[in-house]
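Please model the entire structure based on the sequences and the hints provided.
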Amino acid sequence: MTSVKHTAVKIALVSALIVLLSGCGGRGYETKGVEGLLPALEFSLTSDTGQPITEADLRGAPTVVFFGFTHCPDVCPTAMARIAAAVDAANADDLNVLFVSVDPGRDNPERLRRYTDFFSDRVTGATASVETLRAMTKRYRATFGYDEPNEFGDYNVSHSSAMYVFDAEGEARALFRPSDSVTAMANDLRRINRS
Amino acid sequence: MTPIIEWLRPWEPSAPVFIACVLAIGLYASGLMRGARPGFWPALSYLLGVGLIYAVTQTHYDYFSQYLFAAHRLQHLALHHLGPFLIALSMPAAVLAAGLPQSVRHWPQQPALAPLFTALRVGYRIIQQPFIAGFLFVGLIYFWLTPAIHFDAMLSIDLYWFMNWTMALDGLLFWWLIFERGDRGITPRLTPGQRILMLALIMPPQIALGAYITLSKQNLFEIYDVCGRAFPIAPLLDQQIGGLITWIPASMMSVVAAVIILAFRLEQSNDKR
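Respectively, the protein sequence lines represent chains A and B. Residue numbers for the first sequence follow the working numbering, beginning at 1 and rising by one. Residue numbers for the second sequence follow the working numbering, beginning at 196 and rising by one.
Simulated from the structure, these hints should not be mistaken for laboratory data. Worth double-checking, as some hints may not be accurate.
For each label pair, taking beta carbons as the anchor points, the in silico distance ranges come out as [said to hold, decoys possible]:
(1) B:Phe-326 - A:Asp-154: 52 to 62 Å
(2) A:Ser-44 - B:Gly-234: 52 to 62 Å
(3) B:Ile-200 - A:Gly-145: 16 to 26 Å
(4) A:Glu-42 - B:Gly-230: 47 to 57 Å
(5) B:Trp-206 - A:Ala-40: 27 to 37 Å
(6) A:Glu-131 - B:Phe-326: 16 to 26 Å
(7) A:Glu-169 - B:Trp-236: 57 to 67 Å
(8) B:Gly-221 - A:Val-130: 20 to 30 Å
(9) A:Tyr-155 - B:Leu-457: 47 to 57 Å
(10) A:Val-130 - B:Phe-326: 44 to 54 Å
(11) A:Asp-154 - B:Pro-430: 14 to 24 Å
(12) A:Asp-93 - B:Ile-200: 48 to 58 Å
(13) A:Gly-105 - B:Pro-430: 18 to 28 Å
(14) A:Arg-139 - B:Val-317: 38 to 48 Å
A virtual CB, placed ideally from N, CA and C, is assigned to each residue, including glycine.
If you want it as structure tokens, here you go:
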């Protein structure tokens with residue numbers, strides 16, 4: 001009888017922990033809510049105009065941050081096309097998209113500008129030294145790594161496939177995963193833009 | 196910076212983990228200096244166990260644990276199985292007690308603290324009931340590998356450390372119960388048969404989970420794509436290696452522990468003769 005009681009107590013504790021953790025990140029998001037899970041927006045990079053850019057330059061409007069590289073064959077172009085479509089669908093007046101290149105060896109400001117202009121004029125490109133990028137990605141629990149270059153000097157870069165969404169005050173609000181639909185992304189952008 | 200120093204530098208320094216490891220080694224060393232004589236192999240086993248826990252959490256290895264599923268599974272194998280296994284096998288209670296300052300050793304008898312220690316003792320005995328201990332041991336592996344919970348645990352640094360602490364503490368509780376011997380303490384003393392039965396019962400759920408992860412054609416743990424992997428590797432390959440680590444070495448630990456328990460039993464019989 002005692003062991004049945006103990007088991008019941010254990011099951012109740014585990015269930016409580018599951019319920020507690022399932023509330024992590026905030027409720028009501030159609031994508032992944034990350035309120036309280038990730039720190040606020042903070043960075044110091046070089047923008048695609050060659051000028052320094054920090055989170056203060058983007059304050060006042062929600063910002064979507066993506067870590068990628070312009071030579072990326074699939075993940076980055078898809079993500080950029082999806083966020084451009086979601087931003088259009090959300091019909092939000094003020095919204096920034098920051099494309100942070102984790103391949104500073106190949107992505108100079110000019111190349112970044114040509115790349116980001118192709119998708120939307122809301123997208124700003126930025127990059128920095130590998131050390132600075134490492135600190136920024138680490139802050140958002142992301143990473144990147146480089147493959148060995150082939151005979152033509154080309155190499156693959158592993159990087160985060162998520163888009164990090166911050167509100168106008170720079171607080172982390174949502175994470176757009178590759179599995180999230182454009183409609184869900186647009187709905188959450190609208191919600192974050194309103195609040 | 197030389198590669199060795201780079202490797203020794205923690206990726207995510209954690210003061211509580213660092214202090215816990217330093218205290219564990221410091222107390223043990225103090226116990227040895229005050230005359231405790233555990234023998235060479237128990238001392239080596241203890242130091243290896245603590246060292247292993249430190250190595251997978253407070254060196255650059257932790258970087259790979261955070262950005263590769265296979266490395267994460269290896270980290271939990273060390274935190275939940277191998278490290279606590281080696282510590283419990285060495286039965287360090289007497290050495291650690293000898294290492295404690297005299298005043299601290301009397302805390303449980305002090306009127307102001309006695310109720311707290313009584314509550315701790317009762318709580319400890321409850322979670323060390325064989326069924327609860329076995330359920331917790333397997334349940335925690337399943338819990339932290341539930342994809343949605345795993346996602347949050349790897350995304351939030353606070354949850355990440357909470358997960359690792361629960362694994363290490365639960366590992367210590369479980370293996371302590373399995374290897375408990377010598378003078379009777381507050382840990383329930385199980386017969387060799389009960390211990391081997393527990394070890395047998397925790398195997399099938401671990402094998403099932405490991406096999407499910409290894410053989411799954413689906414990418415179960417999206418977080419590693421979302422946050423990026425330490426180096427370019429096919430997601431399913433990473434998942435399969437992680438699944439195999441959950442499946443084979445984790446289950447094999449039960450077999451190794453059962454052999455050790457039988458060896459202790461034989462040794463006892465020989466001593467009686």
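Going down the list of hints, with the structure as the test:
| no. | hint | result |
| --- | --- | --- |
| 1 | B:Phe-326 - A:Asp-154: 52 to 62 Å | holds, 57 Å |
| 2 | A:Ser-44 - B:Gly-234: 52 to 62 Å | holds, 56 Å |
| 3 | B:Ile-200 - A:Gly-145: 16 to 26 Å | holds, 21 Å |
| 4 | A:Glu-42 - B:Gly-230: 47 to 57 Å | holds, 54 Å |
| 5 | B:Trp-206 - A:Ala-40: 27 to 37 Å | violated, 22 Å |
| 6 | A:Glu-131 - B:Phe-326: 16 to 26 Å | violated, 51 Å |
| 7 | A:Glu-169 - B:Trp-236: 57 to 67 Å | holds, 58 Å |
| 8 | B:Gly-221 - A:Val-130: 20 to 30 Å | violated, 38 Å |
| 9 | A:Tyr-155 - B:Leu-457: 47 to 57 Å | holds, 54 Å |
| 10 | A:Val-130 - B:Phe-326: 44 to 54 Å | holds, 52 Å |
| 11 | A:Asp-154 - B:Pro-430: 14 to 24 Å | holds, 22 Å |
| 12 | A:Asp-93 - B:Ile-200: 48 to 58 Å | holds, 51 Å |
| 13 | A:Gly-105 - B:Pro-430: 18 to 28 Å | holds, 25 Å |
| 14 | A:Arg-139 - B:Val-317: 38 to 48 Å | holds, 43 Å |
Checked against the numbered hints given earlier, the structure breaks hints 5, 6, 8 and satisfies all the rest.
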